[in-house]
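In the order they appear, the protein sequences are chains A and B.
Yeah, the first sequence ends on 465 if you go by the working numbering, and it's all consecutive.
Yeah, the second sequence ends on 1371 if you go by the working numbering, and it's all consecutive.
I should point out that these hints are in silico values taken from the structure, not numbers from a laboratory.
Everything numeric in this text was worked out from a predicted model, so none of it was measured.
Take the hints with a grain of salt, since some may be wrong.
Unchecked claim - When the alpha-carbon atoms are kept at most 27 Å apart in a straight line, the in silico DSS-like pairs for lysine-lysine are as follows:
id: 1; chain 1: A; residue 1: K245; chain 2: B; residue 2: K986
id: 2; chain 1: B; residue 1: K784; chain 2: A; residue 2: K274
id: 3; chain 1: A; residue 1: K225; chain 2: B; residue 2: K992
id: 4; chain 1: B; residue 1: K850; chain 2: B; residue 2: K954
id: 5; chain 1: B; residue 1: K804; chain 2: A; residue 2: K225
id: 6; chain 1: B; residue 1: K757; chain 2: A; residue 2: K225
id: 7; chain 1: B; residue 1: K1108; chain 2: A; residue 2: K230
id: 8; chain 1: B; residue 1: K856; chain 2: B; residue 2: K874
id: 9; chain 1: A; residue 1: K225; chain 2: B; residue 2: K1270
id: 10; chain 1: B; residue 1: K691; chain 2: A; residue 2: K225
id: 11; chain 1: A; residue 1: K376; chain 2: A; residue 2: K99
id: 12; chain 1: B; residue 1: K954; chain 2: A; residue 2: K230
id: 13; chain 1: B; residue 1: K954; chain 2: B; residue 2: K817
id: 14; chain 1: B; residue 1: K923; chain 2: A; residue 2: K225
id: 15; chain 1: A; residue 1: K353; chain 2: B; residue 2: K923
id: 16; chain 1: B; residue 1: K784; chain 2: A; residue 2: K245
id: 17; chain 1: A; residue 1: K137; chain 2: B; residue 2: K689
id: 18; chain 1: B; residue 1: K784; chain 2: A; residue 2: K144
id: 19; chain 1: B; residue 1: K986; chain 2: A; residue 2: K244
id: 20; chain 1: A; residue 1: K244; chain 2: A; residue 2: K58
id: 21; chain 1: A; residue 1: K353; chain 2: B; residue 2: K1103
id: 22; chain 1: B; residue 1: K672; chain 2: A; residue 2: K137
id: 23; chain 1: A; residue 1: K230; chain 2: B; residue 2: K986
Claimed, not checked - If you want the ones that stay clear, here's a sample from chain B, every Cβ over 10 Å from chain A, calculated:
id: 24; residue: A849
id: 25; residue: P1013
id: 26; residue: P1080
For every residue, glycine included, the Cβ atom is placed at its ideal position computed from N, Cα and C.
Chain by chain, the residues:
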Amino acid sequence: MITRKALPRRAFLRGIGTAIALPMFDAMVPAMSAATPKQPLRMAFVYVPNGIDMRHWNPEYEGALGELPRTLKPLEPLKDDLLLLGNLTHNTGRALLDGAGDHGRCCGSYLTGIQVKKSTSDIKAGVSMDQLVARQIGGQTRFPSLEIGLEDARQSGDCDSGYSCAYTNNLAWRSETQPLPPVLDPRALFERLFGDGAAMTPEAKARQAKYRRSILDFVTSDTKKLQMDLGPTDRRKLDEYLSSIREVELQLQKAEKDNAQIDPHMDKPYGTPADFAEHFRLMSDMITIAFQADLTRVVTFLVTHEGTSRAYREIGISDGHHPLTHHMGNTEKLDKVAEINLYHMQQFGAWMQRVKAAKDGDGSLMDHSMIVYGAGLSDGNRHLHEDLPTAILGKANGTIKPGRRVVFRRETPMCNLYLSMMDRMGVHMDHFGDATGRLDGVDLT
Amino acid sequence: MLCRCLLVLAAIYTLSAQTFEKTVQPVLTKTCSPCHNERMASGGLNITGFTKASSLTSDRDGWSRILAKLKAGEMPPKGIPRPKELDATIEFVQAEIDKADRNTRPDPGRVTARRLNRAEYTNTIRDLLAVDFRAEKSFPTDDLGNGFDNIGDVLTISPVLMEKYIAAAGTIARRAVGGDPLPKKPLELQLHMKDKKVRRVDPSTIEGTTHIEFDGEYTIRIGLPGERAKDAAPVKLGFWMDGKLLNTITAETKPSGLVYFNPYSDETMRLYIPEGDHVFRAGFIDDAFVKTLDAKALYDSRKNKYLESITFVGPYAAAVEKPSRKKILICDPKTGQACVDRILSTLAHRAYRRPVTPAEVAALSKFVAMAKADGQSVEQGIQLAIQAMLVSPNFLFRIEHDPNPTDASKVHPISEVELASRLSYFLWSSMPDDDLLALAESGRLRGQLDAQVKRMLADPKSAAIADNFAGQWLELRNLDVVKPDPQKFPLWNPDLRDAMKTETKLFFDHILRENRPLAEFLDARYTFLDERLAKFYGIEGVTGPDFRRVELTTPERGGILGQASVLTVSSYPTRTSVVIRGQYILNNILASPAPPPPPDVPRLDEGETGEKASLRQQMERHRADPTCAVCHNKMDPLGFGLENYDGIGKWRSHDGKFPVDATGTLPNGRSFATPAEMREALKSQLPQFARCMVEKMLTYSLGRGVGTTDRRTVDDITRSWAAGDYPFQSLIFEVVRSLPFQSRRGESVTK
């Protein structure tokens, strides 16, 4: 492409097309974290829609992991880093007198722990747990959190039975009315993390930063003037605007302070690949790099949307995902659902192997992470909200003892897990959603 | 006096409360509550909240929905005996609701401050600065509310979007002013087959997508290996950008006479290319020669001349001044502060869509001073000021002010300046033009409202209504998302998809511009086709890629329900769905959506049709179940009426090995046996269709959901629109004149 960088970007070519072998990024780790003996803990959620066929997910045993069921097979080489949790439930995903719309509801409640408001325009959820963490520790990294996705939102029509598309398009909620839409385009993510590749002199860079600051000051004062005579709802809209401005300001400050130009050792991606696996790989590799370079410690990754009718022709499935999950026991459909579940897991497993291979401090990035792979429904046919498929990868700085399957009492709130995870991230809450406590008795360690 | 009124009111209240207890309550408790109770809440309804007379005033919305079901005979469902008090109940509740509607003070409702959505941002930048910027490629998708993406409440701003706004503002300002120097040496970019940067569309055409970083002129070289026979004729070589033919030249194909190891030639042209992502295509037009070759010879350089690469060299300064510069630099800013201020105040006035204060201009001109102090040019300073302007909430948001922002009882007409923006974003999805703004600022807009609406509708910019209103009402935008199975539907391809979309947009645009009656959406005997789509429909006599009006001479097609776009977005990737199509008609034509299936009821299995049993047999079996029958009796017949069209809208007489049976009966008893007869039958429901359109158009025009308090407005508009067979433009005029479009009120602070 013709860019402001006049030289061809041959230097970056080695990153592209290679399946594993992320280069060692030691040079990129900022001085701050190098000085700290302990590596920071990273947290990510990877969400897949329409439930998972649990017959191929739940092993028949508890305790130490033996042979893994069909869907989990791609995690076989990572068994020592895998913790499987059984019987976690999201009660707030259930109807609870709100009628149909399990897909909209289960995604809306997944990280918020809230029974979201059933409405197509007056959206209301709650602050999601990743954002509670980001709010508290996000100041230490350039991006308090990253929101990633692979599927574009529906362009028209209803999303699920009277639920706004905002509930199915987003996992992270910054406030009860402000969802954080995922970035879908690899190039957009690349530019966000590593800059647009324009070669600039230090003076030009400093000047650009100064101008940006002045623009932010200018619009902040504009907004405050505007807000003076507005009603509460309009004021809230402008508050959203202001808080986004403030976050950009903070990013700018942090970028100036650490001043490190991060070279991701990968070519700037162009456009969105049509191939699902390639799209997944590009986005997940950038998450790995963002974690390694400590650009962020909190990621939510909405693989595709609840209720999606995406067809997986890549693996010979031309029916839509959602219609297939309403299989009503039809074995042919069940098999296709299992194939899709497996295909997702293969992409995730390959990524986790790269995370395992990525060096971080004195060990692997996997040692300093907890990455949850899960769904808001277990049985997508009957829309069940109990025994949600939940796998955690990583040792979480030694606070998680993986290699096991732990089955809790039935109806144990998913939010209990969140309290336990937030503890590890340094965010200690008394309550969250419908939590009844930490994952007690059978704690993670 | 007040006291007496209250007494009378109380007496009336007691009277109706008594009737309620005697007539309505027994029906509710005996007939409704066995299913609609707290535990089961069938169809999402728990009747307990409606068993008190006071619910008639407190939940009119809920009662209206219940009433609609009772009146339509959908409730109580088959198998449950119809109580004798039912007619009295319907009559009583209807009267109470009408009374309540009459007694409510007209309420314009409140529109939440709206940020520009992607389409509005794109159009506003086009009209403000004459810069072609495509927001849909840069910003995250806007969330939908009430079926549209311009609803203030759901248009949020995330930090990611804010970063994009700042970056986009910088890019747009730089492109508009062009104050930054171009690279000293031209750059070279090659898209070549060997790097897979281009793909072959057909043996005579290659296509590649790339990003161009600078507006400017480029030398474009098209690489043509090979040679044809000595007597081969020259061919026309075309070059396209984003589907538009930019240039054609004549290319020689016979041997050059020079001795090459590998015969090769290239053709060059010089063109202006705007910054951004583009799809470039180069190809021989009407290349008859390749049709004489067998596949092996196509890329044999001894037998054929073919395309292999596109190379760009540039940018070079454009010979003609950009239109954006003419728009911005209304005087020479090097002459001093006065001119700079004039430029900035003119721009800000238009960007903020209202008069600006000297203080605002001063704040903007500080950016120019700052840039100059850094040794930048004054034009670069203006660029910086424009960037700031485009990030300002005054630009990004459409904010309307209330004299009493926290008093919900004070209704007031919006200011004329605010009205100008409401009009322009409704009709153009863009900013007001100078005429409109000038009228508003001099207080003369309301006086000639109809004339202005007429003028705006006549402007080509009103095509935005087809793009954004029809694109969402008819779900056309989902055409970009749906992925019909290429094996089941080998004819499906992006060009056919675009043709489908164009047909329906042209059709909608025609009905709007020509002020055709609403019924033509259902039964028009014409449509708009190019050769590709005409062939797909089996209509002869349409040649070439231009769309034109085509009269329909057979009953196969007619109206939107015979258009492939609509039929495709209402299908599954592998097959049709009578349920989705039925629901589509209920949602988008009749404003009477069926409720979603109750939890734990598995969806219908429509999948195995054509093999073991006909679709109809399967569905009839399903409808034998009374819980399903209630809604499916309503949806399925409508879907069956369209079974003659396959999953991408191609006409068929058989589905698998079973002949298509398109018979059905509407809820009101009209029956039909073909799609054409169904269209006729639907026309008997024209008043419902009109009401549906009023609700959708009002939602779209206001940018908020339409609720109970708007029912009177919707009724009034529907009634006055009926005169003269619902001419389509009248709907626009009625919406513009309506209370919610013209006024607003404060917001009550209690939650």
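Here's how the hints hold up against the structure:
At roughly 18 Å between alpha-carbon atoms, A:K245 and B:K986 fall within 27 Å of each other, so this suggested pair holds. With a CA separation close to 18 Å, the supplied pair B:K784 and A:K274 stays within the 27 Å bound. Between A:K225 and B:K992, the direct Cα distance comes to roughly 17 Å. Compliance with the 27 Å bound is thereby established for this hinted pair. Only pairs whose Cα atoms come within 27 Å are accepted, and B:K850 paired with B:K954 is rejected, the gap being roughly 61 Å.
Taking the CA atoms of B:K804 and A:K225, the gap is near 20 Å; set against the 27 Å cutoff, the hint holds. For the given pair, B:K757 sits about 26 Å from A:K225 by alpha-carbon distance, which is consistent with the 27 Å threshold. For the suggested pair B:K1108 and A:K230, the alpha carbons sit about 58 Å apart, so the restraint of at most 27 Å is broken. Between B:K856 and B:K874, the direct Cα distance comes to roughly 14 Å. Compliance with the 27 Å bound is thereby established for this hinted pair.
A C-alpha spacing of about 57 Å is found between A:K225 and B:K1270, which places the hinted pair above 27 Å, so the restraint is violated. Restraint check for B:K691 and A:K225: the C-alpha separation of about 69 Å exceeds 27 Å, so the hint is violated. Between A:K376 and A:K99 the CA atoms are separated by roughly 12 Å; this keeps the pair inside 27 Å, and the hint holds. Between B:K954 and A:K230, the direct Cα distance comes to roughly 24 Å. Compliance with the 27 Å bound is thereby established for this hinted pair.
For the hint pairing B:K954 with B:K817, the CA-to-CA distance comes to about 44 Å; that exceeds 27 Å, so the pair is violated. Only pairs whose Cα atoms come within 27 Å are accepted, and B:K923 paired with A:K225 is rejected, the gap being roughly 55 Å. Using a Cα cut-off of 27 Å, the hinted pair A:K353 and B:K923 is violated, with the two alpha carbons roughly 51 Å apart. As the CA atoms of B:K784 and A:K245 are separated by approximately 24 Å, the hinted pair is consistent with the 27 Å bound.
This hinted pair checks out: A:K137 and B:K689 have alpha carbons roughly 24 Å apart, not beyond 27 Å. Proposed proximity of B:K784 and A:K144 is supported: the alpha carbons are some 25 Å apart, at most 27 Å. The straight-line distance between the Cα atoms of B:K986 and A:K244 is roughly 19 Å, inside the 27 Å bound, and the hint therefore holds. For a cut-off of 27 Å, the pair hint linking A:K244 to A:K58 is broken: about 42 Å separates their Cα positions.
Under the criterion of a C-alpha separation no larger than 27 Å, the hint pairing A:K353 with B:K1103 is consistent with the structure, at around 19 Å. Of the pairs offered as hints, the one joining B:K672 and A:K137 holds, with about 25 Å between alpha carbons and a cut-off of 27 Å not exceeded. As the CA atoms of A:K230 and B:K986 are separated by approximately 13 Å, the hinted pair is consistent with the 27 Å bound. Once the 10 Å rule is applied to beta carbons, B:A849 is consistent with being away from chain A; the minimum gap is 38 Å.
The non-interface label for B:P1013 is inconsistent with chain A: the shortest C-beta to C-beta separation is roughly 5 Å, within 10 Å. A cut-off of 10 Å between C-beta atoms confirms that B:P1080 is not in contact with chain A; the least separation is 23 Å.
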